[in-house]
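Peer 1: Assemble chain D onto chain V, guided by the hints.
In order, the protein sequence lines correspond to chains V and D. In terms of the numbering used here, the first sequence is residues 90 to 291. In terms of the numbering used here, the second sequence is residues 2 to 79.
Keep in mind that the hints were calculated from the coordinates and are not lab data. All values reported here derive from a predicted model rather than from experimental measurement. We treat Cβ as the ideally placed atom computed from N, Cα and C, and that holds for glycine. Just to be clear, a hint being listed does not mean it is correct.
To be verified - Using C-beta positions, here's what the derived DEER-type ranges look like:
1) 122/V x 69/D: 44 to 50 Å
2) 181/V x 35/D: 23 to 29 Å
3) 129/V x 59/D: 39 to 45 Å
4) 62/D x 108/V: 17 to 23 Å
Unchecked claim - Computed far set for chain D versus chain V, every beta-carbon distance over 10 Å:
5) 37
6) 38
7) 39
8) 40
9) 41
10) 42
11) 45
12) 46
13) 49
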Amino acid sequence: MNVESDQRVPSWLDAELAQHRSFLMKLARGQLRDQGLAEDAVQETLVAAWQNQQSFAGRSAVRTWLVSILRYKLIDALRSQTRQPVTLIDHNEYEESDFDVLFNHANQWREQPEPWGEFVDFADGPQRQILQNQLMNLLELCVTKLPEQTGRIFLLREYLGFETGEITDHTGLQSGHVRVLLHRARLSLRTCLDTKIRGTTS
Amino acid sequence: MTDQPRDDTIEDRSPGEITCRESVEMVSLMRDHELGAKDELRLALHIQACPRCHIAGRQFEQLFDTLDELLVRKRGRT
Chain V
90 MNVESDQRVP SWLDAELAQH RSFLMKLARG QLRDQGLAED AVQETLVAAW QNQQSFAGRS
150 AVRTWLVSIL RYKLIDALRS QTRQPVTLID HNEYEESDFD VLFNHANQWR EQPEPWGEFV
210 DFADGPQRQI LQNQLMNLLE LCVTKLPEQT GRIFLLREYL GFETGEITDH TGLQSGHVRV
270 LLHRARLSLR TCLDTKIRGT TS
Chain D
2 MTDQPRDDTI EDRSPGEITC RESVEMVSLM RDHELGAKDE LRLALHIQAC PRCHIAGRQF
62 EQLFDTLDEL LVRKRGRT
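Next up, chain V with everything else stripped away, as it sits in the complex (with noise of 0.2 Å):
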């Protein structure tokens, strides 16, 4: 980290936020589309963080913690900029035909889903935190995993709190189409973690 004097970071924290920088960066950086924003943004958050660490009670994550600071810098960042408009030519992105996979003809299930049991069902105790960011950290995997545009939208949503309509407002998609992109974006995720998940259990 790179602050005043007066404000300089012990070590042993600054080695902690440190290893979480990059994540902030990816995540800023897809929504304000703006290195020098976003570098600004995370590196707020990163001295608020150290400004308020004790707040940080600890039981969650420091990437939880730091996400949650950086949401906040991100939505006034955010309704402070003009309209950015997304455009959905990407090849990459979702069809709705990308999922036809998981259904029959008759679109129920195709297979008999399998449920994920004790690995997201932690009862309180020991293993609970382990286990919690175990999950979190396969869906944090997964979301990595969405295509770009997609990406965004459900970052607005589900990270920044976005309602459907200030998405469209921000981004010149219809709502229709908000909603299109936010159902892909869970089912991907769903089945994103439901492999992995099976991958880790089996």
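Peer 2: Leaving out everything else, chain D in the frame of chain V:
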């Protein structure tokens, strides 16, 4: 679900006419608080009657719970 805006609903159909694929769309709409009360009831009836959607619905709940956890939307987690 098509790429066009929804200007119709599934409200005029009976519960049996909801497919698993449509139920997934409805789960997503419910997440965004955009599913009408009648459709919400039809979704619940479908999930109750369909073993596959019962499990898939639980998986979506767990996915959303994890997102909420990740984003500290649940009180008292930080």
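Peer 1: Hints first: check each against the structure and report whether it holds.
Peer 2: Hints and how they fare:
{"no.": "1", "hint": "122/V x 69/D: 44 to 50 Å", "result": "27 Å, violated"}
{"no.": "2", "hint": "181/V x 35/D: 23 to 29 Å", "result": "27 Å, holds"}
{"no.": "3", "hint": "129/V x 59/D: 39 to 45 Å", "result": "41 Å, holds"}
{"no.": "4", "hint": "62/D x 108/V: 17 to 23 Å", "result": "31 Å, violated"}
{"no.": "5", "hint": "37", "result": "14 Å, holds"}
{"no.": "6", "hint": "38", "result": "18 Å, holds"}
{"no.": "7", "hint": "39", "result": "18 Å, holds"}
{"no.": "8", "hint": "40", "result": "13 Å, holds"}
{"no.": "9", "hint": "41", "result": "16 Å, holds"}
{"no.": "10", "hint": "42", "result": "20 Å, holds"}
{"no.": "11", "hint": "45", "result": "18 Å, holds"}
{"no.": "12", "hint": "46", "result": "16 Å, holds"}
{"no.": "13", "hint": "49", "result": "15 Å, holds"}
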